[in-house]
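S.K.: Listed below are the residues making up each chain.
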Amino acid sequence: MSQPKKNKPGQVETTGHVWDGDLREYNNPLPRWWLWAFYATIVFAVVYWILYPAWPYGDSYTKGINTVEYTVEGENGEEKTVTEHWNTRALFTKSMQSSPSALAQQEWIDKVEGMSFEEIEQDPDTLQFAMSVGHGTFGDFCAACHGAGGQGKIGLFPNLADNAWLHGNSYDTIVSKIEGGINGMMPAQNVPEDTIDDLAKYVLSLSGNAEISGEAASRGKQAFASCAGCHGQDAQGNDGIGAPNLADAIWDVADVPGCGDDLGCKVDEITHVVNNGIQRQMPAFGDRLTETQIRMLAIYVRQLGGN
Amino acid sequence: MKHESIEINSGLLIVLTLAVISIGGLVEIVPLFHIEDTVEDVDGVRPYTPLEIRGRDIYVSEGCYACHSQMIRPFRDEMLRYGHYSLAAESQYDHPFQWGSKRTGPDLARVGGKYSNEWQTQHLVNPQSLVPESIMPGYPWLLETPLDYSQIEERMVALKRAGVPYSQTQEEYDANVEKFGKEMADKLHVPNATQVLEDQAAAENWDGKPGEITEMDALVAYLQMLGTMVDFSKYEDGHFNQFR
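Those protein sequence lines, which keep their order, are chains A and B. Each position in the first sequence, counted from 1, maps to that position plus 44 in this note's numbering. Each position in the second sequence, counted from 1, maps to that position plus 13 in this note's numbering.
Keep in mind the hints are simulated off the structure, nothing from the lab. One or more hints might be untrue.
[Unchecked claim] Some chain B residues well away from chain A (every beta-carbon gap over 10 Å; in silico):
no.	residue
1	Val52
2	Asp54
3	Val55
4	Met92
5	Gly96
6	Gly113
7	Thr117
8	Val138
9	Val144
10	Glu157
11	Ala171
12	Val177
13	Glu191
14	Ser246
[To be verified] Partial list, computed: chain A residues near chain B (C-beta under 10 Å):
no.	residue
15	Asn131
16	Thr132
17	Leu200
18	Phe201
19	Cys309
20	Arg324
As the structure is a computational prediction, the values presented were derived from the model and not from experiment. Built from N, CA and C at the ideal position, the CB exists for glycine as well.
Using the sequences plus the hints, can you model the full thing?
M.R.: Now the structure itself:
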């Protein structure tokens, strides 16, 4: 054990207090480095007050002499430089315009803006850029409904990763659906109790399900007349109103695949859709995303479906 | 006063210590009440409707703020993911505000309208059914619990005392008509509260259970409103910088 270092009494000044008759307190000077560091903080504060917003007075405050410059669009579309006192919002506007990552991206975004979808498809570098931005945007705004890989959720949100489209797969359609949102809707159908079973069987017979008797199916076929207005005479669907093809063994709402080989369960699924209809919304993203972001999303989404 | 008398009198020491350390806080906080630009001048921000108040209460009592912030900071990455940075004006009627500083889940300041009501309900009942890797807990009881809005008027009066302009008198109502328009002023009038709440719950299919007012109705109505009050397309780029 080392002994605590002891100063001889009288060697260092004491504070003059005495407790319990003989306890004194040395008045050691502050360490030199500490003192200088303390003075440095004071100097720093004064410099800070001069450069940055600092002291409040009345209904305003000292704004400091440091400034941030950025550009805004003037009334006639010309670029106007704005000089604002230093503040984080102005810095943000500036970083949106001229940070290295913003500039690097802007170069590509300008490219995408100037090209048609067909031209982008022909240009591998631009296509790759659009796909990767599309992928990122999809993760932030679409994946919660459509799934991380676009696989959707049967009954609720459509699978975008198959090549069956409710509304068609043209770029224009996809862009307009993302911009304006979708009100997915099939009204509940009033099918008589005694025909609904045959109707469901007819619908199922269109996509395999060989065990369904021809009789039941042909009885159901007559009842299908009331569905044909939307789903088409041969149930091939109508992408103008978002009515799906019912003959392709791809299901979006009725959980037919979840039934395995159980025909009764499949019939129930179809019956449920017919009796209750479908109502589901996709929100509009026109206000949330820029036009170019939406175009890049459309490219991404369209290739998810294998195009 | 001699230093010794402070050192040997602990009551006095406590009082003086508090006085000294509060100087820092006072110097930083008090001027904000006087500085004109603290709360930006912006159109559209209004107090919450009765149903939204109850939704917000549930948001607070279920502890959603433990994982979710409601403040988008002015950074490029936040803008790209969440949208326009939050304005002080947008939380001027929040008591207490829900800015938060911990993000286990994403910021919710602009989640209104990002998803459908159907998604919000399903996600709150069972988040993993929609986002398999989510660590958010489910809140299935919200869909089963009838909303208690028996004290809605008292709740509005309490918020009014904290400075939110709900109206009780004709003058206050007229002032709200001036400020928020007639349709909104009707919703902010305390004597109408119960009717207004029931109407809003019935007006939209918030939770997929029409005819029943559940806690889910209130919470979804609240979430769908978040961040939607200000129309940012009306303001030019950088407009809000002048307020800082």
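S.K.: Enumerate the violated hints, using their earlier numbering and listing them in ascending order.
M.R.: 4, 5, 9, 14, 19
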